[in-house]
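Start from the sequences, fold in the hints, and give me the full structure.
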Amino acid sequence: QQQVRQSPQSLTVWEGETAILNCSYENSAFDYFPWYQQFPGEGPALLIAIRSVSDKKEDGRFTIFFNKREKKLSLHITDSQPGDSATYFCAASTNTNKVVFGTGTRLQVLP
Amino acid sequence: GPKVLQIPSHQIIDMGQMVTLNCDPVSNHLYFYWYKQILGQQMEFLVNFYNGKVMEKSKLFKDQFSVERPDGSYFTLKIQPTALEDSAVYFCASSLHWGSAETLYFGSGTRLTVL
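Top to bottom, those sequences are chains A and B.
The numbers in the first sequence follow our numbering, run straight up by one, and end at 111.
The numbers in the second sequence follow our numbering, run straight up by one, and end at 115.
Hints listed in this document are in silico derivations from the structure and should not be mistaken for laboratory results.
One thing to keep in mind: the hints can contain errors.
Only pairs whose alpha carbons sit at most 27 Å apart, straight line, appear in this in silico BS3-like list of lysine-lysine [claimed, not checked]:
hint, chain 1, residue 1, chain 2, residue 2
1, A, 71, B, 78
2, A, 56, A, 68
3, A, 72, A, 56
4, B, 57, B, 78
5, B, 57, A, 98
6, B, 78, B, 62
7, B, 78, B, 3
8, A, 98, B, 3
9, B, 3, A, 71
10, B, 59, B, 78
11, A, 56, A, 71
12, A, 68, B, 78
13, A, 57, A, 98
14, B, 59, A, 57
15, A, 57, A, 72
16, B, 53, B, 3
17, A, 98, B, 78
18, A, 72, A, 98
19, B, 78, B, 53
20, B, 3, B, 57
21, A, 98, A, 56
22, A, 98, B, 53
23, A, 71, A, 98
24, B, 59, A, 71
25, A, 68, A, 98
26, A, 57, A, 68
27, A, 71, A, 57
These stretches of chain A come out as covered by chain B in the derived footprint (C-beta under 8 Å, 3 or more residues) [claimed, not checked]:
hint, region
28, 10-23
29, 39-51
Since this is a predicted model, take the numbers as computed values, not measurements.
Note that CB positions come from ideal geometry on N, CA and C, so glycine has one too.
Pasting the structure below:
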């Protein structure tokens, strides 16, 4: 059973455009949603995260929009740069440290 | 930022052999994790570990798997015996505290190939 789903599987945007990565989940007990960025050959690294009590979290060019009622969230990357090309994982956790990862979105930003 | 080191980066072994994957977590971290990632697929939780004990494990953490961190040295994942389906990239992670909002720091992974 897939608890965290992501779409699209892959996304290509031009430099300067806004990339929108979508995520949905099933478990109402999830209360923390980190997004991890992973470059080829490296481990995932925390990019930005949001708690379920908030509906928006912004950090520079990265913004999470969260809809608790619909169990959906999205990561918006504004002014996309070629260096943003990576795989982005939406993740979720409850009051334990068992972080559940989504299937990932592979983002390519073309110059 | 904090670094988690994994040794080796690649490991090739024959099916049925034993393999030990090593992880050097962030120095002051207390909680340790292993995740498995099959090429092109999601990261899947295997196990978390604290104070010498497994706290939680998933169905992927088969009986052939074991973890330990003897005397504060490497945090290890041992697979004995290995099977073909164990081929994957294994990521180690560590965190300072326990809780849903705690940041996990991941290593670069060990790519295990079982022939």
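Consistency of the hints with the structure:
no.	hint	verdict
1	71(A) <-> 78(B)	violated (37 Å)
2	56(A) <-> 68(A)	holds (11 Å)
3	72(A) <-> 56(A)	holds (12 Å)
4	57(B) <-> 78(B)	holds (14 Å)
5	57(B) <-> 98(A)	holds (9 Å)
6	78(B) <-> 62(B)	holds (11 Å)
7	78(B) <-> 3(B)	holds (22 Å)
8	98(A) <-> 3(B)	holds (20 Å)
9	3(B) <-> 71(A)	violated (33 Å)
10	59(B) <-> 78(B)	holds (16 Å)
11	56(A) <-> 71(A)	holds (14 Å)
12	68(A) <-> 78(B)	violated (40 Å)
13	57(A) <-> 98(A)	holds (22 Å)
14	59(B) <-> 57(A)	violated (34 Å)
15	57(A) <-> 72(A)	holds (14 Å)
16	53(B) <-> 3(B)	holds (23 Å)
17	98(A) <-> 78(B)	holds (20 Å)
18	72(A) <-> 98(A)	holds (20 Å)
19	78(B) <-> 53(B)	holds (15 Å)
20	3(B) <-> 57(B)	holds (24 Å)
21	98(A) <-> 56(A)	holds (23 Å)
22	98(A) <-> 53(B)	holds (15 Å)
23	71(A) <-> 98(A)	holds (19 Å)
24	59(B) <-> 71(A)	holds (25 Å)
25	68(A) <-> 98(A)	holds (20 Å)
26	57(A) <-> 68(A)	holds (14 Å)
27	71(A) <-> 57(A)	holds (16 Å)
28	10-23	violated (count 0)
29	39-51	holds (count 8)
When held up to the earlier numbered hints, the structure conflicts with 1, 9, 12, 14 and 28 and fits the remainder.
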